[in-house]
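Based on the sequences and whatever the hints tell you, model everything.
One letter stands for each residue in the lines below.
There are 2 protein chains.
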Amino acid sequence: MTATLPENNDQKPVGHGRMLRKEDPRFIRGRGRFVDDLQLPGMLHLAILRSPFAHARILSVDTTAAEAYPKVKAVVTGAMLAEQNLAWMPTLSNDVQAVLATDKVRFQGQEVAFVVAEDRYAARDALELIDVEYEPLDPVIDVRKALDPNAPVIRDDLDGKADNHCFDWETGDEAETDRVFDEADVVVSQDIVYPRVHPAPMETCGCVADYDRIDGKLTLWSTSQAPHAHRTVYALVSGLPEHKIRVVSPDIGGGFGNKVPIYPGYVCSIVASLVTGKPVKWMEDRSENLISTGFARDYVMRGEIAATQDGRILAIRTNVLADHGAFNGTAAPVKYPAGFFGVFTGSYDLEAAYCKMTAVYTNKAPGGVAYACSFRITEAVYLVERIVDCLADALGMDPVELRLRNLIRPEQFPYTTKTGWVYDSGDYEPTLREAMRIAGYDELRREQKQKRENGELMGIGVSFFTEAVGAGPRKDMDILGLGMADGAELRVHPTGKAVVRLSVQSQGQGHETTFAQIVAEEIGIPPADIEVVHGDTDQTPFGLGTYGSRSTPVSGAAVALVTRKVRDKARIIASGMLEVSVADLEWEKGSFHVAGDPEKAVTIQEIAMRAHGAGDLPEGIEGGLEAQICYNPSNLTYPHGAYICVVDIDPGTAQVKVRRFVAVDDCGTRINPMIIEGQVHGGLTDGVGMALMEIIAFDEEGNCLGGSLMDYLIPTALEVPDWETGFTVTPSPHHPIGAKGVGESATVGSPPAIVNAVVDALKPFGIRHADMPLTPSRVWDAMQGRPTPPI
Amino acid sequence: MTATLPENNDQKPVGHGRMLRKEDPRFIRGRGRFVDDLQLPGMLHLAILRSPFAHARILSVDTTAAEAYPKVKAVVTGAMLAEQNLAWMPTLSNDVQAVLATDKVRFQGQEVAFVVAEDRYAARDALELIDVEYEPLDPVIDVRKALDPNAPVIRDDLDGKADNHCFDWETGDEAETDRVFDEADVVVSQDIVYPRVHPAPMETCGCVADYDRIDGKLTLWSTSQAPHAHRTVYALVSGLPEHKIRVVSPDIGGGFGNKVPIYPGYVCSIVASLVTGKPVKWMEDRSENLISTGFARDYVMRGEIAATQDGRILAIRTNVLADHGAFNGTAAPVKYPAGFFGVFTGSYDLEAAYCKMTAVYTNKAPGGVAYACSFRITEAVYLVERIVDCLADALGMDPVELRLRNLIRPEQFPYTTKTGWVYDSGDYEPTLREAMRIAGYDELRREQKQKRENGELMGIGVSFFTEAVGAGPRKDMDILGLGMADGAELRVHPTGKAVVRLSVQSQGQGHETTFAQIVAEEIGIPPADIEVVHGDTDQTPFGLGTYGSRSTPVSGAAVALVTRKVRDKARIIASGMLEVSVADLEWEKGSFHVAGDPEKAVTIQEIAMRAHGAGDLPEGIEGGLEAQICYNPSNLTYPHGAYICVVDIDPGTAQVKVRRFVAVDDCGTRINPMIIEGQVHGGLTDGVGMALMEIIAFDEEGNCLGGSLMDYLIPTALEVPDWETGFTVTPSPHHPIGAKGVGESATVGSPPAIVNAVVDALKPFGIRHADMPLTPSRVWDAMQGRPTPPI
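So the protein lines, in turn, are chains A and B. Our numbering puts the first residue of the first sequence at 66, with every later residue one more than the last. Our numbering puts the first residue of the second sequence at 66, with every later residue one more than the last.
Hints are supplied without guarantee of correctness; some may be wrong.
[Unchecked claim] For lysine-lysine, the following DSS-like pairs were computed, each having C-alpha atoms within a straight-line distance of at most 30 Å:
{"hint": "1", "chain 1": "A", "residue 1": "Lys-282", "chain 2": "B", "residue 2": "Lys-309"}
{"hint": "2", "chain 1": "A", "residue 1": "Lys-630", "chain 2": "B", "residue 2": "Lys-309"}
{"hint": "3", "chain 1": "B", "residue 1": "Lys-282", "chain 2": "B", "residue 2": "Lys-309"}
Derived from the structure by calculation, the hints contain no laboratory data.
Quick look at the structure:
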């Protein structure tokens, strides 16, 4: 059940199965084409001046010296943009965000001015010649203090805004939940912080904007996870007509939600190209990316759980303070934090649940991108899996035993949660038992007992998660207000090769392989003969992009269905070629034959040539062999999984070592198990980082303490064990091939397993909880009985 | 009725009507993007060594010195290609053609070797260092002598080929035609030559081939009129899979059929890129283009016409010897010369008709591209309009009077010719009468009479033509064996702007304007808001390309119909938005409103936003607002026209001056009259060139005498009059908007009018015919009673 490379790398299934990724030859050979690889004739370079203060008034900006610097073509300030009514942009998260600051700066790293020059070095050098006079203001950094009546008001740009309050949301039945809590045998409450972390993709954000003054057409190559949505937004905010904007996402070096928002840098680059008439490149450096773009989490939560004395979980109640930073970025929750509300009740059959969430502004970078997983599912799963462990501790029960007792049972699916979400399918207990089998759970507990007796700190942590992915049908997950349907087009060429066009695009997920396999499975054309086109609004149908594990649940379904449309047409053409009725044809992957006479057959390739004119077609059938679809799923998909983590803690240094990690995922039908395992491995590594190492912290002045990879630690191969993966298969009933999204499962499911293991290891110290990241100093504090310091 | 510029250039109709071309701003500003504008990093340059002999055996090719020349990267001969089985390519015209000659050269200018070098100059210089030893052979130049049993056999490469015979074709009922001729009062016979001419587009042929070794993908930017068809052919002949070939036709500087064939230069460039792993550019110079690519006509014809004494035309019989050159090029007639057979009976109601055609090989450049008009319609119309004038002369009737007497009458449509073609619609007499009105025909005749009395040589020529265009439904016009249907796709973006994708592409016809207007007319989105995408196989649906005036008849119909599909979907969405049934909605260009309540309306732009998720859609309706179609018309379209030409001939120098030219065209519904007039002006200019100036002649050795624009004369503004255009409108009954193709009408219709005028002017000399081009020397010969010299 563990991941293995296929024995024969040439193995190319015509359909689902293990095969090497089609896109890898170019990456392995250094021939990927990333935004920063683009070199256009006459291209200029843009650099952004960023605020050194978290909160300050801008008194003046003097660009004289910068403008005089050699090779500098333009220096632009917020005041100049304001003259064109471009200083602020709507975020589509019910907010506005400064493109370049005019009145005040509201977070350290905020965009204040930009320089365009003939090369990157000149642009950077000239930044230092811009003289900005600031009047520092008190910053609001601690989310707990943001709503203090005496706190400085951050968003005084908003009409009548007199505090830092942003949103209030709630879900569930508060009165009923309170009643169940009041009557419960046992109530456990725990304050839990999910710290601010950063997706830290290998490639930072950037773009090349190229406005052609003759055609009036803007081409924007950008590191975007959602080129179509970005195009529509640019059209709506800039006044450039949508058909005159082309957004291209070429090869992208990782996204993880960091590349969903529209950043001021993109808008600045567009403005710069409009002004200069030249292509303009902007690429963040690592520090800019870490300080100013797309953070995630930053939730201060109280979780409460009510149960009977014998371990029947009755209800969950939670209160969340969400730090949205200085602006609601484009991907921040608007309508409400849907994923959190959808799955904070976990994988358990409850009687009641209630959640209240308050979002506030702080002087931090704008808020709320979905770092795998979207819509705050990661935080919700962490919360519930932590408090279930707290409950197990209070009851003196084994945490696995407690979970087994409360998991939703297979006959309860589709299962409607107490907040009204419908889990599509699941069979939870076998998944948990498979994880226990692989881990050798009982043996581990015996080993732990023995080690404890020797004073060794070994911990075993378990987590069980249910995700809600494939943003899709729920309007409350429609972050852009553009619906959640995705298009797909399949065209079979005359010679039987095919091209499939997707609205989603890849930041490394292997779409060129997975989607070719989906087509292959449905129509029998080998994956090598199928070109996957994505990431270019001029070449693909409209759709919302790649985030929230939605590619397979939404676009994968679209591709399967559009392929079936093409196959249906091929069947009619085949009936003409074989001179039998459609009903007399049988499909065998790649060809139709006359029922009972396999010799009388035509291949899909022969049908394609016929469809393009090499002979007559049945009456009323158009030529060509292609179809298009716009697919809107009827429900989300709900992958689940059971993870077990084993840690050892050095009692002298408090260093945590993840010794083993067992991940059993159920994402329904598995298209390419090798790619699934790759996704899981990546997500588990994310989990180790978040649980043990990663935090974007701030000092009291609002200085970001995570501005480099020396400060913001991300895991390497040295910090992770050999992953042990397994799977169960519970197909999604509404997805045409039964697949569920798996891109974020491991990121969601692994932090609670690791933290549960650490807390379990620290049981001898009477610990019930410690906040991430569980660095040696924090673990040491916990061992000393000191609480986790506030963020 | 004459062409005028619109008074207000900003006039932009939402639909059909005069508007300036959307593509012109880039051309006027020098920002067109032609193949030779492409500069790719590391690009190499290819030059072709061509044979100086028309017919010779290759004894040896020594490339040593060329290979040693600085900057040279590769020198490739036919022998090297033969090792890879690439020395010959199938032409899809039932023949093979040498990519590089191996055994023999068969025409002057044939490709013998190529050099790839770092720049164009080095490549050209190195050509001169290739040492080829030839053994000259007797050439076959005169088509009349090609079938002589003693003539050298040109195609000895073909198994068992013992003569120069290529094809025999016939159409009509020979016995019945002979019977009518035998019983007729009057029979007139005339030998007529349509000389070899060249389309001579402003841009020569060329390409940039770029093979990416990592992706295995070939991109070919080429001067092709048919990128999709070319791609399929490359896939079939090269073994490269079709989805790994992208053919792009960027801006093209004129085609006129010259850019339909696949030339060896394209294949050489592909080979060169495969071999070097670099992009390779090949651009012909003018001489290469004139000598080796795509000639047209070269028909030696005998036309016979039978009539009653009072001018009732009974039958036409004709025998044609067609010169196909050394190879049947990709666009040569294969199945039979369809257009010729379709319209050689002209616009007249006959009792019988018969045509026999023999095609032969000669030692000339490969044969038979369709220089407007396709399928040999130009030759057929010239033949019939010439012999009708000969008949008028024999009968002593006015040529207009004779035509009026014999034109097919409106009630006879759809009219089936004696060779089985079905003219879709027509009302001929009004068209001819409109031409007479504009010309002031009777007054002209009076003027002529007077001038003749003074010894002045004034001639009045008339022609009436019917074309068969829009290759389409007739399989006998399927030159590529890939069917004749064309795809179109229309997508309306969320903000209501649109993109329409065409399988045809433009070489200057104004597609970006015309097709935007067709969409605008059907759905009410302004043409400025519609992007027209064409000329890129990666971005457009499959189709056969732009030739034979087929863009409007085939793709224009496809675009109208696909737009109606989108409008039908919009209607359903509108019914949901307005909460009424579909039947209660009325369409007014650009919006639907509730019948009887124009205030309750939604625009197409509002519908587009709704379709992309800004609200609920009616049950069962997919998101998005787009459709695709593959359109195969049920018939060709048959535009017609009446042209009247007035010439003056200098009796001292025999110089012909076209004093007036009246062109009344009927192409059915007129989408953009300004573009139609532009097409007509261009075609009339072509006609002046062919009638008076142009000929690709050869000496006895087979040396091409038309290898430069000093030798091959094409008309300029100095040689043409102010055109006088008019129109009638007889819509095509089967075309969704009633339009017929007009791109070639004037090229087809004008030569006979001019020649008829010249012959009319020479009546005092007893002349009944003289062959084109009617240069001063030929006219002088005719005035001296000397026959036109053979070509």
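Each hint, compared with the structure:
Simply put, Lys-282 of chain A and Lys-309 of chain B have alpha-carbon atoms about 28 Å apart, close enough for the 30 Å limit, and the pair holds. Of the pairs offered as hints, the one joining Lys-630 of chain A and Lys-309 of chain B holds, with about 24 Å between alpha carbons and a cut-off of 30 Å not exceeded. Taken as a hint, the Lys-282 of chain B and Lys-309 of chain B pair is honoured in the structure, with Cα atoms around 4 Å apart against an allowance of 30 Å.
Going down the numbered hints, you'll see the structure goes against none, and every one checks out.
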